[in-house]
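Between the sequences and the hints, there should be enough to build the whole structure, so can you do that?
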Amino acid sequence: MKVLAVHDAAGDILSLVVSPEEGPAFGVESRAGEYVHTVEISGLSLDMPHPEIYRRLDEVAKTFRVEVTEPADAAPAAQLVAKGGRTGL
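Counted the way numbering that gives the first Met the number 0 counts, the sequence shown spans residues 0 to 88.
Hints in this document: simulated from the structure, not taken from any laboratory. Take these hints with a grain of salt, some might be off.
DSS-like cross-link-like pairs, simulated, lysine-lysine; straight-line CA separation at most 25 Å [as the list claims (entries may be wrong)]:
1. Lys61 <-> Lys82
2. Lys82 <-> Lys1
3. Lys61 <-> Lys1
Restraint-style ranges between C-beta atoms, simulated for each label pair [unchecked claim]:
4. Ala8 <-> Pro48: 33 to 39 Å
5. Ala8 <-> His49: 29 to 35 Å
6. Asp57 <-> Thr37: 16 to 22 Å
7. Pro23 <-> Ala81: 31 to 37 Å
The C-beta atom is built at its ideal place from N, Cα and C for all residues, glycine as well.
Shown next as structure tokens:
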């Protein structure tokens with residue numbers, strides 16, 4: 000599964016977009032001050048019932064932020080870290 004996270008400069012997630020891994024290429028248009036990075040989310044599958052997918056995405060957006068180790072506008076992938084500071088998902 001491909002997951003794109005739209006986030007601000009602090010890494011706070013504004014939205015998450017998912018697509019099947021074998022699906023067509025896609026992108027997200029960001030606004031000024033927003034960045035888009037590919038992230039990995041464990042425990043998420045398109046085989047899950049839709050309400051479960053939405054709950055997991057909501058949980059991730061509320062609990063994690065995007066950590067970018069390179070300049071935010073240059074890095075294609077990033078890692079999710081807990082908002083409290085724990086790394087990994």
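Against the structure, the hints:
For the suggested pair lysine 61 and lysine 82, the alpha carbons sit about 8 Å apart, so the restraint of at most 25 Å is met. Note on lysine 82 and lysine 1: the hinted pairing holds, with a Cα-Cα distance of about 22 Å set against a maximum of 25 Å. A hinted pair counts as satisfied when its Cα atoms are at most 25 Å apart, and lysine 61 with lysine 1 qualifies at roughly 19 Å. As the Cβ distance of alanine 8 to proline 48 is approximately 35 Å, the hint placing it in 33 to 39 Å holds.
Distance hint for alanine 8 and histidine 49: a CB-CB separation of about 31 Å, consistent with the stated range 29 to 35 Å. For the hinted restraint 16 to 22 Å between aspartate 57 and threonine 37, the CB-CB distance of approximately 19 Å keeps it satisfied. Taking the beta carbon of each, proline 23 and alanine 81 are about 32 Å apart, inside 31 to 37 Å as hinted.
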